[in-house]
Amino acid sequence: MAQMTYMEAIRDGMRVEMKRDPGVYIAGEDVAQFGGCFGVTAGLYDEFGPERVMNTPISEAVIVGHAVGAAAAGLRPIAEIMFVDFMGCCMDELGNQAAKMKYMFGGKAKVPMVVRTPCGAGMGAAAQHSQSLESWFTHIPGIKTIMPSTPADAKGLMIAAIRDDNPVVYIEHKQLLGLAGEVPEGEYVVPLGKADIKREGADVTIVAWSWMLQKSLAAAEQLAKEGINAEILDPRTLVPLDKEAILKSVAKTGRLVIVHEEVKTSGYGGEIAAIVTEEGFDYLDAPIKRVTAPDTPIPFSPVLEQAYIPNEEKIIKAVKQLF
Amino acid sequence: MAQMTYMEAIRDGMRVEMKRDPGVYIAGEDVAQFGGCFGVTAGLYDEFGPERVMNTPISEAVIVGHAVGAAAAGLRPIAEIMFVDFMGCCMDELGNQAAKMKYMFGGKAKVPMVVRTPCGAGMGAAAQHSQSLESWFTHIPGIKTIMPSTPADAKGLMIAAIRDDNPVVYIEHKQLLGLAGEVPEGEYVVPLGKADIKREGADVTIVAWSWMLQKSLAAAEQLAKEGINAEILDPRTLVPLDKEAILKSVAKTGRLVIVHEEVKTSGYGGEIAAIVTEEGFDYLDAPIKRVTAPDTPIPFSPVLEQAYIPNEEKIIKAVKQLF
Amino acid sequence: MAENKEKLLEMYTTMVRIRTFEQKAIDLFAAGKFPGFVHSYLGEEAIAAGVCSNLRKDDYICSTHRGHGHLIAKGGNLQLMMAELFGKATGYCKGKGGSMHIADVDLGILGANGIVGAGMPIATGAAFACKYRKSDSVAIAFFGDGASDRATFHESLNLASIWKLPVVFICENNGWAISNAQTSHQNITDISDRATAYGIPGVSVDGNDVVAIAEAADAAIERARKGDGPTLVECKTWRHRGHFEGDPAIYKDPKDQEEWLADNKDAIARMEKKLVGLKYAGQDYLDKIKAEVREEVEAAVQFAEQSPDPEPAEVLTDVYTA
Amino acid sequence: MAENKEKLLEMYTTMVRIRTFEQKAIDLFAAGKFPGFVHSYLGEEAIAAGVCSNLRKDDYICSTHRGHGHLIAKGGNLQLMMAELFGKATGYCKGKGGSMHIADVDLGILGANGIVGAGMPIATGAAFACKYRKSDSVAIAFFGDGASDRATFHESLNLASIWKLPVVFICENNGWAISNAQTSHQNITDISDRATAYGIPGVSVDGNDVVAIAEAADAAIERARKGDGPTLVECKTWRHRGHFEGDPAIYKDPKDQEEWLADNKDAIARMEKKLVGLKYAGQDYLDKIKAEVREEVEAAVQFAEQSPDPEPAEVLTDVYTA
Ligand SMILES: Cc1ncc(C[n+]2csc(CCOP(=O)(O)OP(=O)(O)O)c2C)c(N)n1
Ligand SMILES: Cc1ncc(C[n+]2csc(CCOP(=O)(O)OP(=O)(O)O)c2C)c(N)n1
Ligand SMILES: [Mg+2]
Ligand SMILES: [Mg+2]
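Protein chains in written order, with the working numbering: chain A, 1 to 323; chain B, 324 to 646; chain C, 647 to 968; chain D, 969 to 1290.
By construction, these hints were calculated from the structure, which means they are not laboratory data.
Computed from a predicted structure; not experimentally measured.
Just to be clear, a hint being listed does not mean it is correct.
[What the hints assert, rightly or not] Residues of chain D clear of chain A, computed beta-carbon distances all greater than 10 Å:
no. : residue
1   : L996
2   : K1056
3   : H1069
4   : R1118
5   : E1190
6   : D1221
7   : D1224
8   : W1228
9   : V1287
[To be verified] DEER-style ranges, computed between Cβ atoms:
no. : chain 1 : residue 1 : chain 2 : residue 2 : range
10  : C       : G678      : B       : Q644      : 24 to 30 Å
11  : B       : E508      : D       : E978      : 54 to 60 Å
12  : B       : E602      : C       : D673      : 41 to 47 Å
[To be verified] Within a straight-line C-alpha distance of at most 27 Å, the following computed BS3-like cross-link-like pairs (lysine-lysine) qualify:
no. : chain 1 : residue 1 : chain 2 : residue 2
13  : C       : K651      : A       : K110
14  : D       : K1102     : B       : K342
15  : D       : K1025     : B       : K431
16  : D       : K1132     : C       : K810
17  : A       : K314      : B       : K566
18  : B       : K433      : D       : K1102
19  : B       : K643      : A       : K243
20  : D       : K1220     : B       : K433
21  : A       : K110      : C       : K703
22  : C       : K925      : A       : K108
23  : A       : K108      : C       : K780
24  : D       : K1220     : B       : K431
25  : B       : K566      : B       : K521
26  : C       : K925      : C       : K651
27  : B       : K637      : A       : K243
28  : A       : K314      : A       : K243
29  : D       : K1025     : B       : K433
30  : A       : K19       : C       : K651
31  : B       : K431      : D       : K1102
32  : A       : K317      : B       : K566
33  : B       : K433      : B       : K548
34  : B       : K640      : A       : K243
35  : A       : K108      : C       : K679
36  : C       : K810      : A       : K19
37  : C       : K898      : D       : K1132
38  : B       : K566      : A       : K320
39  : A       : K110      : C       : K679
40  : A       : K110      : A       : K198
Glycine included, every Cβ here is placed at the ideal spot set by N, Cα and C.
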């Protein structure tokens, strides 16, 4: 297996599918020669040419909206929105068009498109360039929402997303772009809707995704030293959600902590907590805890931003409160 | 007390504040002589004139965006978005501008504005004119979200919303517009963040809002006949949420059913369930149930739409499952 | 084109089909046969008929909330359309879409749309697909004067221009955006002037002259097929009815309304006169066409009325493609 | 205006202040003194200086991600700005905003903005407030060539036109939207041509000629104050640096870069020549201004460096107004 970064893995996933399927193309702001704001598409313009890797004007509505039309007409667009924070500029195209076309047409349409977009705080980019908004997308039936936490998942989920016949929002975390790891070569597919136990444990289940998955793994190491053995479950895809895997883990551990970087109120952690309370109530030996960002915009100052981002310490504290 | 419809009550709330405060004005599509798509602003143009009740072009982004600027410059805009379904066209203006301006400016701005918008299914208006998207707004710190369920609340919350110094999304339900009830005259204010027990009961707490509050009341009457005495709690404002009132009621009843018209996944019911599981775990004698729309777009056909909308029968069934 | 008898008769028939369908739909809605919104295309028939007379099956169109006419002109099946208005299981969308979401992807009809202006990005994307596949198919975006104020108008025309996409933007300026006269929602007379902002051609034509429309659209479509990029075509017309059925449209000046509905303005009456004048058809022949179309529409109603409702469980299907 | 010595010297000083501040900010960012994004305004100083020379304290501006220049020209306090870049508790936003969100509502500065094009609707609304209150204040929206492709450009100019609002749209066409040359993101040469779409005046001026800018802005602002509505003013200039600090801008042609940075193009060098030529100032006087400004900027840095970080608990405050 090759060693690559999360960013390279995303790129590799796109490259594999672009080679395999001539209908796959990339469109977004500065994605061509420039390689994207974070360099994720670097080199793809040279490899696949100007007809398949295309810069757009600063026009998020038509970036996503054109992808709907292109997908309905048979292509497989990968549309990049430079920061997830800008999705407010194209929520109609995503939520009313991409998501609903199939259903509104009585099943007689297919909209295979991927919206790739980076999320997350940690670089001092402040309130409009640091958000995590996954729960908005998960609230739209017809859309799938993916948030990889490792290089291998980043690649395997990218390939699965491109091959999927539905609109998929693929959210990559800026803080993970440089994370290195083993990544299978070639057509490596991680199926959508399958959670992954990233660490086995018997005492408490921690459900976390994206950057927070990595923070939870670190917290688990600490907890292990103190005798608490956490199971870390990475849903990987929020919709479809691998409910069974979560319930199974909670059935084993009896305790659940959910960690996400989104703000707390109406974050996706609430959905998971509600599912477990509804369908796994008898498994629970303790309240379900959420470790999340506070209900505030994201501050610029590093001091404040660090106070904002959920961290190992907060995870450990939440876990311990359950014992 | 006067008897008026929910629609008249909303209008009366706006009228009272427009009389009291010359900085309050209304802008939106067809809100002037036409009186709005559902007639909510009818007569206000005649009463307050073309400078205070203004039609806009079909331009949702600048309807909300201009309100941010006008509010920051000292006015109190009431911006109407004709259907909540169109909020995808102005989520940046709401979520990145209105909501965050105060915080990003270090507290040194005030954005007192109301976005009024109707929600809800039941009139065969299909997927793009029938949604309930409240959880999107509740996921944005800096915004308040209000969903009145009775004429009196509609008026009192409208006045409170206009007087509030923050951006408020005021969501009125199309199916409630004709509902009549007692409404206090004059400056009647319902404070934001105060739940209302719409029916007392000891056996189960039902938290519901907007149209579903009315359906829950009807369901409770049926349940009473079968010996189950439901307490119906109307949060009225989703953000700020009167958590204490919910916890108190659940402490009393030990059982919780949440009813909303939003689709289930990432609906605001998940948030309430998570809060109660986190902070009121010991009160719970049974799983928390959610009665919601399914995770689908909203179908047109009346047969399908009726299958889509949560109703008394489903509420009763969910309640009974807890006993 | 004025010389092409067959094409003229075809466009005439299309206009009659649209008008007859729409008049029926109005009556059925008034009779409470189906719920929701019905936005009538009465008075604007020439635009759909003229534009679509140049289209092939493998071309795309994106329609609007006022979409019946576009669908009929692109070849939509009246029975499946009518059944959809009734919300029946046999409708184009199995009853899930209704008037505002009728579509026939096989005919290149990427749907009516409940969101004003939403068809323009979608048509832009369909046109991108045509170009990407190196076919000479094109895409048409229909939209109203009101929609020309929306975000999507600007972003779509700019992208289509810079990518030189084979898309034609057909603005149906019917003088109104609900209760707002065009003069009250934009400070220009000719919406085609907005083409300047994107460096593309813009033309305005009489929206009640089906031949003029067909010719202007033909030129724009040929330009697109040749790879020369998008065009903005404005068709100036008049909405005969209220915005939706049930809107009494008291904001209209009755004089304007009368003028526009008179035979010397109405597209169908004008076309009849032309066809008779050119001796392409006698009045009896035209009446025969109308009678045939009426039967078609009646058959569609019958089909719809006799069709079953969807099963309630159908609410849960068609959300995702497996 | 070319005759008004005082105004010319004031604009010159403003340009120098911006340039000095920006050069310092670049160095500090490179030295790792603060995180996030810094979008330098170097090369574009004439626009902010020229436009704001016509503004009063009770006028509003909405700025962009490249906002330091606008803030300085509208009278922003360098110490509070610099402290904000450092994320300090004493900064304009108590460290919560950073470079992209600096604001001073008391000075009518409704913020830099991290969302491209987001200032235009806000300025439109501020202008509405001015008109509503029957004051003769105005609002200015600064935005880039890239932003002129966004949704908000279209909707804002249309609304401002139809409501005849006292707002001036200042397009800073610096040739680039990140790595996209203007020619690659829009099919027009003069962005001012887009005014046609809204029935408002549009003019293009040399964006490195502070006098020409001040004059064009003055005319537009006077028009707005008189109640005659909005104007679109395009200022053609060049971004000296990469898009953000850290972008080596390899996509630029070095020849273009060299040409634009040469003394005969650079706004400040040209202004010095003009001032000396008109005998409004000797080089020594100009050098004195520069030295004074350097001290101001150094004092701002000192203030920032010596200021305390915010308390971590501050993350939770300022979300809502009580
Ligand atoms: C984004 C959005 N805003 C508002 C509406 C409500 N609405 C439906 S049709 C309409 C008027 C459209 O006017 P125009 O584009 O001229 O089309 P016409 O109805 O005249 O055919 C409006 C405001 C909508 N459906 N979508
Ligand atoms: C809605 C939105 N889309 C994309 C971006 C990312 N972005 C920041 S600046 C920029 C380029 C802006 O170009 P222009 O408007 O010409 O301003 P300039 O940077 O040249 O001053 C882009 C694409 C953003 N911040 N907001
Ligand atoms: Mg119209
Ligand atoms: Mg630029």
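Now the hints, each set against the structure:
1. With a least beta-carbon separation of about 13 Å from chain A, D:L996 lies farther than 10 Å from that chain, consistent with its non-interface assignment.
2. Not every C-beta of chain A lies more than 10 Å from that of D:K1056, the closest at about 7 Å, which undercuts listing it as non-interface.
3. With a closest Cβ-Cβ approach of about 6 Å to chain A, D:H1069 is found to fall inside the 10 Å limit, against its non-interface label.
4. Not every Cβ of chain A is farther than 10 Å from the Cβ of D:R1118; the closest lies at roughly 5 Å, contradicting the non-interface assignment.
5. For D:E1190, the requirement that its beta carbon stay farther than 10 Å from each beta carbon of chain A is met, with the minimum near 31 Å.
6. Every beta carbon of chain A lies more than 10 Å from that of D:D1221, the smallest distance being close to 13 Å; the non-interface claim holds.
7. With a least CB separation of 16 Å from chain A, D:D1224 remains clear of the 10 Å interface cut-off, as annotated.
8. With a cut of 10 Å on Cβ distances, D:W1228 stays outside the contact zone with chain A, its closest approach being about 20 Å.
9. Interface exclusion of D:V1287 from chain A breaks down, the closest Cβ pair being 5 Å apart, not more than 10 Å.
10. For C:G678 paired with B:Q644, a C-beta distance near 38 Å fails the hint of 24 to 30 Å.
11. Distance hint for B:E508 and D:E978: a CB-CB separation of about 58 Å, consistent with the stated range 54 to 60 Å.
12. For the pair B:E602 and C:D673, the beta carbons lie near 58 Å from each other, so the given range of 41 to 47 Å is not met.
13. Pair hint C:K651 plus A:K110 does not hold up; C-alpha atoms about 39 Å apart against a cutoff of 27 Å.
14. About 19 Å separates the Cα atoms of D:K1102 and B:K342, which keeps this hinted pair within 27 Å; it holds.
15. Among the hinted pairs, D:K1025 with B:K431 is consistent with the structure: their alpha-carbon atoms are about 17 Å apart, no more than 27 Å.
16. Restraint check for D:K1132 and C:K810: not satisfied, since their Cα atoms lie roughly 34 Å apart, outside the 27 Å limit.
17. For the hint linking A:K314 to B:K566, the alpha-carbon distance of about 23 Å falls within 27 Å, and the restraint holds.
18. Our distance criterion of 27 Å between C-alpha atoms is met by B:K433 and D:K1102, whose separation comes to about 21 Å.
19. This hinted pair checks out: B:K643 and A:K243 have alpha carbons roughly 24 Å apart, not beyond 27 Å.
20. The suggested pairing of D:K1220 with B:K433 is violated, with an alpha-carbon distance near 42 Å, which exceeds 27 Å.
21. Distance restraint check for A:K110 and C:K703: the Cα-Cα separation of roughly 19 Å lies within the 27 Å cut-off, and the hinted pair is therefore satisfied.
22. Taking the CA atoms of C:K925 and A:K108, the gap is near 44 Å; set against the 27 Å cutoff, the hint is violated.
23. Using a Cα cut-off of 27 Å, the hinted pair A:K108 and C:K780 holds, with the two alpha carbons roughly 25 Å apart.
24. Among the hinted pairs, D:K1220 with B:K431 is inconsistent with the structure: their alpha-carbon atoms are about 39 Å apart, more than 27 Å.
25. Of the pairs offered as hints, the one joining B:K566 and B:K521 holds, with about 16 Å between alpha carbons and a cut-off of 27 Å not exceeded.
26. For the suggested pair C:K925 and C:K651, the alpha carbons sit about 9 Å apart, so the restraint of at most 27 Å is met.
27. A threshold of 27 Å between alpha carbons decides the hint, and for B:K637 with A:K243 the separation of about 23 Å falls inside it, so the pair holds.
28. Among the hinted pairs, A:K314 with A:K243 is consistent with the structure: their alpha-carbon atoms are about 25 Å apart, no more than 27 Å.
29. Distance restraint check for D:K1025 and B:K433: the Cα-Cα separation of roughly 19 Å lies within the 27 Å cut-off, and the hinted pair is therefore satisfied.
30. With a C-alpha separation of about 50 Å, the suggested pair A:K19 and C:K651 falls outside the 27 Å cut-off, and the hint is violated.
31. A distance of roughly 25 Å separates the Cα atoms of B:K431 and D:K1102; the hinted pair therefore holds under the 27 Å criterion.
32. Simply put, A:K317 and B:K566 have alpha-carbon atoms about 23 Å apart, close enough for the 27 Å limit, and the pair holds.
33. Only pairs whose Cα atoms come within 27 Å are accepted, and B:K433 paired with B:K548 is rejected, the gap being roughly 50 Å.
34. About 23 Å separates the Cα atoms of B:K640 and A:K243, which keeps this hinted pair within 27 Å; it holds.
35. Straight-line distance between C-alpha atoms of A:K108 and C:K679 comes to about 25 Å, which keeps the hinted pair within the 27 Å bound.
36. A hinted pair counts as satisfied when its Cα atoms are at most 27 Å apart, and C:K810 with A:K19 qualifies at roughly 25 Å.
37. Of the supplied pair hints, the one linking C:K898 and D:K1132 holds, its CA atoms being roughly 24 Å apart against a limit of 27 Å.
38. For the proposed pair B:K566 and A:K320, the alpha carbon gap of about 24 Å is at most 27 Å, so the pair holds.
39. Our distance criterion of 27 Å between C-alpha atoms is broken by A:K110 and C:K679, whose separation comes to about 31 Å.
40. A distance of roughly 33 Å separates the Cα atoms of A:K110 and A:K198; the hinted pair therefore is violated under the 27 Å criterion.
Figure legend: structure checked against the earlier numbered hints; hints not met, in rising order: 2, 3, 4, 9, 10, 12, 13, 16, 20, 22, 24, 30, 33, 39, 40.
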